[in-house]
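From just these sequences and the hints, can you work out the full model?
Residue numbers (the numbering used here), protein chains in the order written: chain V, 12 to 261; chain L, 12 to 261; chain P, 12 to 261; chain W, 12 to 261; chain Y, 12 to 261; chain F, 12 to 261; chain H, 12 to 261; chain C, 12 to 261.
There's no promise every hint is true.
Pair ranges (Cβ atoms, derived) [what the hints assert, rightly or not]:
1. P:T80 x Y:A73: 38 to 46 Å
2. P:L68 x V:R31: 53 to 61 Å
3. V:S161 x H:E100: 28 to 36 Å
To be clear about the criterion: a stretch of chain L counts as covered by chain V if any three or more of its residues have a C-beta under 8 Å from a C-beta of chain V, and this derived list gives those stretches [stated by the list, open to error]:
4. 77-90
5. 193-207
6. 226-236
Just so you have them, the derived chain P footprint on chain V, three or more residues with Cβ under 8 Å [claimed, not checked]:
7. 67-78
8. 158-170
What the hints contain is simulated information worked out from the structure, not anything from laboratory work. None of the values given here were measured: they were computed from a predicted structure. All C-beta atoms in this analysis are idealised placements derived from N, C-alpha and C, irrespective of residue type, glycine included.
8 protein chains.
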Amino acid sequence: MSQLDLEALLDAFAGGELSRDEALARLRSRGVEDLGFARIDKDRARRRGFPEVIFGLGKSDAQVVEIFTHLAAENPNVLCTRASAAAAETLGREFSELRFDALSGTLSLHRDTRVRGEGSIAVVSAGTSDQKAAREAEICAEVMGNEVHSYRDVGVAGLHRILACIDEIRSARVIICVAGLEAALPSVVAGLVERPVIAVPTSVGYGASFGGVAALLGCLNACSAGVTTVNIDNGFGAAYAASLMIRRPS
Amino acid sequence: MSQLDLEALLDAFAGGELSRDEALARLRSRGVEDLGFARIDKDRARRRGFPEVIFGLGKSDAQVVEIFTHLAAENPNVLCTRASAAAAETLGREFSELRFDALSGTLSLHRDTRVRGEGSIAVVSAGTSDQKAAREAEICAEVMGNEVHSYRDVGVAGLHRILACIDEIRSARVIICVAGLEAALPSVVAGLVERPVIAVPTSVGYGASFGGVAALLGCLNACSAGVTTVNIDNGFGAAYAASLMIRRPS
Amino acid sequence: MSQLDLEALLDAFAGGELSRDEALARLRSRGVEDLGFARIDKDRARRRGFPEVIFGLGKSDAQVVEIFTHLAAENPNVLCTRASAAAAETLGREFSELRFDALSGTLSLHRDTRVRGEGSIAVVSAGTSDQKAAREAEICAEVMGNEVHSYRDVGVAGLHRILACIDEIRSARVIICVAGLEAALPSVVAGLVERPVIAVPTSVGYGASFGGVAALLGCLNACSAGVTTVNIDNGFGAAYAASLMIRRPS
Amino acid sequence: MSQLDLEALLDAFAGGELSRDEALARLRSRGVEDLGFARIDKDRARRRGFPEVIFGLGKSDAQVVEIFTHLAAENPNVLCTRASAAAAETLGREFSELRFDALSGTLSLHRDTRVRGEGSIAVVSAGTSDQKAAREAEICAEVMGNEVHSYRDVGVAGLHRILACIDEIRSARVIICVAGLEAALPSVVAGLVERPVIAVPTSVGYGASFGGVAALLGCLNACSAGVTTVNIDNGFGAAYAASLMIRRPS
Amino acid sequence: MSQLDLEALLDAFAGGELSRDEALARLRSRGVEDLGFARIDKDRARRRGFPEVIFGLGKSDAQVVEIFTHLAAENPNVLCTRASAAAAETLGREFSELRFDALSGTLSLHRDTRVRGEGSIAVVSAGTSDQKAAREAEICAEVMGNEVHSYRDVGVAGLHRILACIDEIRSARVIICVAGLEAALPSVVAGLVERPVIAVPTSVGYGASFGGVAALLGCLNACSAGVTTVNIDNGFGAAYAASLMIRRPS
Amino acid sequence: MSQLDLEALLDAFAGGELSRDEALARLRSRGVEDLGFARIDKDRARRRGFPEVIFGLGKSDAQVVEIFTHLAAENPNVLCTRASAAAAETLGREFSELRFDALSGTLSLHRDTRVRGEGSIAVVSAGTSDQKAAREAEICAEVMGNEVHSYRDVGVAGLHRILACIDEIRSARVIICVAGLEAALPSVVAGLVERPVIAVPTSVGYGASFGGVAALLGCLNACSAGVTTVNIDNGFGAAYAASLMIRRPS
Amino acid sequence: MSQLDLEALLDAFAGGELSRDEALARLRSRGVEDLGFARIDKDRARRRGFPEVIFGLGKSDAQVVEIFTHLAAENPNVLCTRASAAAAETLGREFSELRFDALSGTLSLHRDTRVRGEGSIAVVSAGTSDQKAAREAEICAEVMGNEVHSYRDVGVAGLHRILACIDEIRSARVIICVAGLEAALPSVVAGLVERPVIAVPTSVGYGASFGGVAALLGCLNACSAGVTTVNIDNGFGAAYAASLMIRRPS
Amino acid sequence: MSQLDLEALLDAFAGGELSRDEALARLRSRGVEDLGFARIDKDRARRRGFPEVIFGLGKSDAQVVEIFTHLAAENPNVLCTRASAAAAETLGREFSELRFDALSGTLSLHRDTRVRGEGSIAVVSAGTSDQKAAREAEICAEVMGNEVHSYRDVGVAGLHRILACIDEIRSARVIICVAGLEAALPSVVAGLVERPVIAVPTSVGYGASFGGVAALLGCLNACSAGVTTVNIDNGFGAAYAASLMIRRPS
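Structure follows, in structure tokens:
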């Protein structure tokens, strides 16, 4: 409840337009509104700049379909990560614009394609097996209203690959760096650019990669300053943070 | 070596102003220069926007003093983290503007106080014991040319403390969130703002906090989107990343 | 064997009503009885206030059915956690009152519905995916004779959700707090109430949640005093402890 | 802000006793007060039933002394855990009633000795080396207004020791069980009583005890239901939770 | 090669019964024989007192059948752990005496049933779910020529169960103690007997049992002296070690 | 309380030699005695065959001296592990036979030097740095009444060293094998002998030895059957278990 | 770009054979070429001595087939590790020389069978279950142009097995040592030879082998100098490193 | 004992030059000699090509001095790692050629300076703090008879540093790569050269570097083939393995 709203309420009460009970009821629920959040989802889109995002993991297909449909009624753009092909098929019958990326399990409606970020986001990934997390990051960043450029298979085992495109990467405003195994890529990239690097460690590897722990530790201990890290395989989280970093002031 | 530099070199060679040997020598070292880095520190400041930073940990006082003095000859602003009081004392005799924060061990020269970031950085910390990492973040961010606001002792055990200043925090462009124990603060803050949150887990706690591992996992698994994480107690890393996020395009 | 029983035994032996051999036999088994436990299950119900609970995990359906049937012959209320749908179907043919919660795998007979606890138990859970453990806690607490109130999907990512119902939660006598990911909810809730909080970390999450380890550490390191913790996903354990906390002195 | 306070405020405003600006100011700060917490410590004592507790760990002696003195001006009873002997000496000059337990580092003023809990708390500990955590639990529980009974050196290596006093232990309302090494004691005790057991794993042991991890896992996996666990060596946390469990409704 | 064999060889060579080449050949292979091992399996049975044991894990059914058949041609008693039902079926067609324990996957031929150990082995197990490892221990110990007594479902949650049979257990010469969860049983049993206790931690449990790690640490940190530990679920290893402990000197 | 004691008690009561109150008192305390343990230490020596052992770790010198003196009044042989030189000096003034091994911190009185074990114990250790744990094992085993033979510095890096003495080692009845780093020695020794091997992993090593975890895992995963393991550096535990294994039936 | 290439370029430009634009284009891409790597795979074979190797893990069969076919068009020898039988079948229709090792999932074309290494590689493995990694190492080493000798089932549980063939093993130039469980074999072998030993820990084992962690730590802590280690089950990595070690200087 | 030695022994015995007892004694000790090792240290130098190496860690200064002096009497070159300055001072009085590197604690006598390796060893290290392990590797490699070239402070945060000297590094026969933090350097270097790379992870770093675990995992998961790894900070181990790799066949 803004200063203006509060003043209006008091004036309305003082002016008799609002009964004491009505004024009490509005004030009682104020603590919540005053904090800037609300239970109605359409408000979330207005408040935070993009629609609520559904995490498909651990939800039934029916739940995913129901929440997605509900959100799609209120928002032009809707995102669901880690969704199943079955949920995609059901929703595809209703929404012709629906897009499903089978590799990453990302479901999206991207009906409002205006770009909202200042500058672009580069998604740089080390190997073929990192594409699952990289695709999630790319799609999420796009649907959130960003210009996204992808640089794939540029791992440090063949350093020339990343060097060949580093000038392009430098032109992005923020860089998402996706890598498994020892995750040396974020260190190398951050050492070459003047932009923030968000590292996404992936669970790619076997043996002592321990499901991405080696990559996670590699990212957290990056010798180049300017790297921050998200959870293992969390392409969505990186895209969300990157979006916030370049969002134009509203 | 820019396109223009290359053209100039070829023209000079074609025009006889440059011998073949001189042209060869310049081209040989080009691979390095073309990548955009150099061994001379003053170039680092020009290139990346702020001076090289000394990590005091594992360096002798003599080494710290020597490198610091060298950097201070070329740059207005110099930073050294995890320095000793002895190194500070020695350097203080030479540099009257020297500032030493004993709590965090941060040594700094802040002679060029122009602000270079767009918008401010909020440093939000949970408890008294998190001040070591918080101070490191604050000083580093300031010396790197940012406006910094601090919100201390606002841990979630008394939720009203963070709620009371959340409106101010929202006005920052990026938020650094410093917390030990279970590190619930980044989740709570990120859920209340539209800005990127950089979480700094601290080693504060005993028993099953495992030197900050509990806090680190808390940050990486934050239920609110928009949180990225740096290493345990790494206030400097958070400040560096935050600076890159709000740096004005040069 | 109580003081009175011992006196009676000695008197009966002295009075010749009990042979020396009979007296010896009774005394031989006394160590066990005197400690307050017995091998016969119906005694457990009398002694501890509710029926023995079957853990379905690692037991065959046939074993579950046999033990359940045996217990149901002696006790009005019977509980089995982590049971299969097949076991539920078989038992359902015999016990018309049988209730099976498919989500959590909890099988129960709740024929004696008297409330035995002083005050109610609140089960507060962070997200949709925490419902498996939350349901187990709710059903177990109910069948053990408690009044239970549930507060679902009140995770700290949207703080207003928990704040909106905190007054109701305060009226409970003990609070079970179920959360995965970083498990910030127990810290936040315990900071707002004057009641003991039992934290149930869940295995919800991916990557560096490590099957609930992140949540477990979050609960153990909660910055608010008054939180105790049970094993990952152990809704039953939390319900059992909560029941003991509010049990009316018999 | 209670319903009554709100009504009074509106009436005062309607009646002209309160200007619009004053009404606005009071309402603005209401969100915080409405949640039921406040920044003034004396309110914490009124609200939660006992004084704020100082954690000495990571605070300077000067800080400890200052906070302690401040709290002692407002509250009859004050607690500080993990304090130094030096802080104790300084405070001892001012407060003649000051008590310092050197083993656990617990500083306390216990000027209001009224008992506030219903029933007593039993503190049961396995070995001599567990006394540090046990002492912290005992003193904290006492200063918080509870009747406390201690049972020391009753580890399961000599089972007769715990069996010999189990009848007394049963008469407590809640049991704190302190054990290091494999921490078998909570399982054994919980199997013998009808009361909630709060397990405190200690860092006692060498080799594969891993600073209390073995004991912590032992407590979390206790085969007897009714056990909840606090952090390693966290005697204070157990005492606080136990106090909440038996607090008389105010 | 014994002292006597060496003397005989030299005498035979000196006496001309053995050519220099034959003497050389025998001496060349001596290093191996002198160490007391041989490549021929039947020798293993003679040397170590019982037949080689096949680990089925990671071997194909065909491999298991072939090795088993080979061993059965030379030895009266043959053991294979972690075998499949299919391998058992194939072998059962050839060996009418074959015994297959489906629960533990133990295949055995027990044709020489003479007892070879001095005193008996007690196999004490905590719960129903520990029977897999307990069965493996029992069968292996029997086939290795020992008298085995089993005490099942005597976990410490109901202490009377173990106390009721402790006198019988004391009469064994060595005790194998099988327990999952927090594995408190070995500590309790070892505190009550004068015999060596071999602890077998099992992978029974969920959440923070971490596949038997909690139980393993519980066994290694047992507060009662006299406990040694084998790998998680390694019933065979415990039986083998127990057999060596009570083997009659040959 | 034995069958005979019980019969005598009943007869004495029946015969009037024992009042009802006296009979009650004796029976009340019977549960404890009947389990076969007592609080008086001299009974422990009678019951378990050797005196109670003091763990010096975490006890003050004064406590160690007091308990040691108390035990020495009742028992010919007394053991204290992990003691300080100061405690040894104090006790040495009173007990001329006192022996203190500074390397391992083992304090002992060995006044009754009769051998009680059947056969000898071999203590085999890999390197110079394993001597701390090896010495503890040797002294404890000797004071407990065993014949002990030591084989030092026979690690597998020079295999000939262990092979050269394997025949002697084979003549022991049980083998204690002490090794750090990867702890390959227990596997190699167990493969060469027909005796039980108790492995003592040591904390010797650096880097990825993780304070003995590598050695502990090496022992638990020994490829030779017949190996059981004790805690890291726990020479006492190995000696105690070995003593139980070869104790002559009393 | 070599010194000669640079001179030629400048001369051609000076001589007018090369336009300024062409010279610029060649120089722009030089940074990459100058570093000695290229994007075209046939160059990799020329540069590093053997063809690029495909990791099948995490690639679809179609991807494997396409990359394999592409490589086979340019190189005589092609390797793919962790491939499926389905991919092998598809490729087998096109390449008659294709070899598929089902145990390890290694696909290979070995059309140029010239030996390129100086001296041979010994692949020494401990048990039957280690054959998966051992086979991968053997095939990879052969296809990379080496003479390979295998020594299987020579684990240290029967030390005579490794001793019997140690003289042959010594004649190799480098030794790959494959072992699971406690991985004692590399220590024992390295202590007996003057050659570098590459240890391959395998995931063979159960319980506390933790998927190969115990073996990995065993290798890293080997008490014999001269051992280096690769990732768990990484037979390919060991073969690749061994090949580099003995490659004849080109 | 070689074939020739055996023939000579038999001939001497047959010819009466050797008594039966003498022949027996020589043959008895043969098993050991036949395996190719001996207890006398001078033989180790002859056999393995360089003198035995003393590990100072965990040895007293007196022990170090005694072993060093003993070895120096027999060998021209002697090495001791992790030695103290005190031991160095004592030994320096006796050996004027003694060299002590205080940073790494490496003591050495390098009296025979002949080069024995084919080709040189490059020691490449990432940062200033990695010099401790790098120095140990350099000195050990030199004293073992190798030509060593060092490349310091070439971490990937400034990629130009490693690229600037990669051509020189390529000319080495084997490369030791020393790096802490995320240890990206071995991956980058191995991708650029055709030589085996031995990675030495260091314990440099703070927070989530976990004393070198992050670096160790980085090395084991290196995305470039051809990397093998030694223990954390184990510069000696890397030097020893490198020496074996390039040792000229004797």
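How the hints compare with the structure:
no.: 1; hint: P:T80 x Y:A73: 38 to 46 Å; in the structure: holds (43 Å)
no.: 2; hint: P:L68 x V:R31: 53 to 61 Å; in the structure: holds (58 Å)
no.: 3; hint: V:S161 x H:E100: 28 to 36 Å; in the structure: holds (34 Å)
no.: 4; hint: 77-90; in the structure: violated (count 0)
no.: 5; hint: 193-207; in the structure: holds (count 5)
no.: 6; hint: 226-236; in the structure: holds (count 4)
no.: 7; hint: 67-78; in the structure: holds (count 4)
no.: 8; hint: 158-170; in the structure: violated (count 0)
Hint violations for this structure: numbers 4 and 8, all remaining hints satisfied.
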